[in-house]
Amino acid sequence: MSDTDVKHLTPYDEPYEAERAPFLWLAEREVLRFLNIGPYAIAGPVLSTILFVIVFGSALGHRVAPIDGVAYGQYIVPGLLAQAILTVGFVNGTTSLFEARRDKYINDVFASPLRWWEINAALVTGGVVRGFIVGAGVLAIAVPLTGTAFVARPFIFVLGTLAVLLVAGQVGVIAGSLAKSLDHVYSMESIVLLPLGFLGGVFYSVAQLPHVWDVLSRINPVFWLVQVERIGLLGQADVGAAPALVVVWALAAALSVWSAIIFGTNRLKA
Amino acid sequence: MRETPPALSITGLRKVYRDGVTAIENLDLELADGAFFGLLGPNGAGKTTLIGAVSNVIRPSAGDLTVFGHDYRTRSARRLIGLAEQDINVDRFLSVRQLLVYHAGYHGIGRKTAARRADELLETFGLGHKAEGRAYELSGGMQRRLVLARALIHHPRLLILDEPTAGVDVALRSEIWRLVKGLNAAGTTILLTTHYLHEAETLCDEIALIAAGRIVDRGSAASLRHRYQARDISEVYDRVMTAEAAS
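From first to last, the protein sequence lines stand for chains X and P.
In terms of our numbering, the first sequence has 81 at position 81, counting the first letter as 1, and numbering is strictly consecutive.
In terms of our numbering, the second sequence has 508 at position 238, counting the first letter as 1, and numbering is strictly consecutive.
The hints are simulated quantities; they were obtained by calculation from the structure and are not laboratory data.
Beta carbons: idealized from backbone N, C-alpha and C, even for Gly.
Accuracy of the hints is not assured; some may be wrong.
Over 12 Å on every C-beta distance to chain X, these chain P residues come out as not near it, computed from the model [to be verified]: (1) Glu-355; (2) Ile-379; (3) Gly-380; (4) Arg-509.
Now the in silico label distances, taken between C-beta atoms and shown as ranges [as the list claims (entries may be wrong)]: (5) P:Arg-381 x X:Ala-254: 35 to 43 Å; (6) P:Thr-512 x X:Trp-117: 44 to 52 Å; (7) X:Ser-190 x P:His-468: 49 to 57 Å.
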């Protein structure tokens, strides 16, 4: 090691001024993190979603009667899109935050001038950007593959998808902050996320279910994410556009508050 | 002329972990600007908890902490602290160079300056040829150097070193001490924990002995030796810790 230059110690009596916002650095790091593992982070979720479209939509779909006048292959695309975004947001948040906690490099962030809400927002941004890229990839392949008439109601689609991305990003960050082990992360995915996804009306209309299941499905948050995407892409679903938007944004707001409480009250610190 | 505030001032620090363990009990400590301060104590004495609290990594249960007069939680305080933890806690998703650049970024440093400083430190610490590799691919000694480089990239005034020579060979240990001495000579305040008592005696101008979350005694190496009628700081340490264990 050669001698290091320490002539310019940071002055202690000048107000803190950033040349570039620390938030931008951390948000950039979050995006770089998943881009560095690109094939797994992006191509994997797109491929697995497209396999559902091919198997259930293209291969088996012609044996299933259209639902609400929509071919089955097209009918499942919005739900698969919502599920893909949600899964990616969950995986992104848990991987990034849980591993940062486990390996203690989150201490590097806590010890820096980053404020709690900047750390929270940057982590969520990573999940949102990854969800956006995967969602765009899914649509880019699934829409031509199934012949879906792209985006029947653009306003609902944009507003709804923003909420879905935010929900997914927050779910990942919350799960990443609650997880105590990798097994815990995997079990959250298989015991909570996967059943909610499958029972959330991705592959069917709840109107086809007995009344009690129709009602119960509405308690499932994933149901509303699927509905809002279906309204945006296909123009109709089991619920109206206004209640769907209200519920998904209320969900996004509630999760944002939960996530903010975790970071704002320093619960990630010992 | 305005007097420089203490580099670190701690009053009534207390830390009780969620499991009920009290790691620090009503601890007061003040470090003058430019000090080379050694914190000695057995494992579990509270050294890492104290460092964690100062660095905003651990939530204190009670107490006031200021860094150069700023509350320790403020951005003004946090930009002044450089932390090299005992664990090799490096971001495994980034390259060695990116790790330094992004750490500088978390302190608000612009991209060009961050890149320049990262390259300088990589050369200084002999890591230039490993810049594009991942930290987990480095040897233990190189990882230790990287953690030190990261702690220095934002030019901190208060450098906190928690066992900086744990697990490194003799040659690297002496290199690290030489570097740290140079930093202190140039004005950086050093807060050091180490199990190498002889080196603490040689390097530090003040030493505190910590046990069971309390500072049991403190002073210059010479004053401690005199007080305990001991030949060296190891003997002081043994006497203090034996008395603490018996009490």
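Going down the list of hints, with the structure as the test:
Here Glu-355 (chain P) does not stay apart from chain X, with its beta-carbon only about 6 Å from theirs, under the 12 Å limit. The claim that Ile-379 (chain P) is not at the interface with chain X is violated, since a C-beta of that chain comes within 12 Å of its own (minimum 6 Å). The claim that Gly-380 (chain P) lies off the interface is violated: its Cβ sits roughly 3 Å from the closest Cβ of chain X, which falls inside the 12 Å cut-off. Listed as a non-interface residue, Arg-509 (chain P) keeps its Cβ farther than 12 Å from every Cβ of chain X; the least gap is roughly 32 Å.
At about 37 Å, the CB distance of Arg-381 (chain P) to Ala-254 (chain X) agrees with the hint of 35 to 43 Å. Judged by the Cβ atoms, the range 44 to 52 Å given for Thr-512 (chain P) and Trp-117 (chain X) holds: they are separated by roughly 49 Å. At about 54 Å, the beta-carbon gap between Ser-190 (chain X) and His-468 (chain P) stays in the expected band of 49 to 57 Å.
Checked against the numbered hints above, the structure violates hints 1, 2 and 3; every other hint is satisfied.
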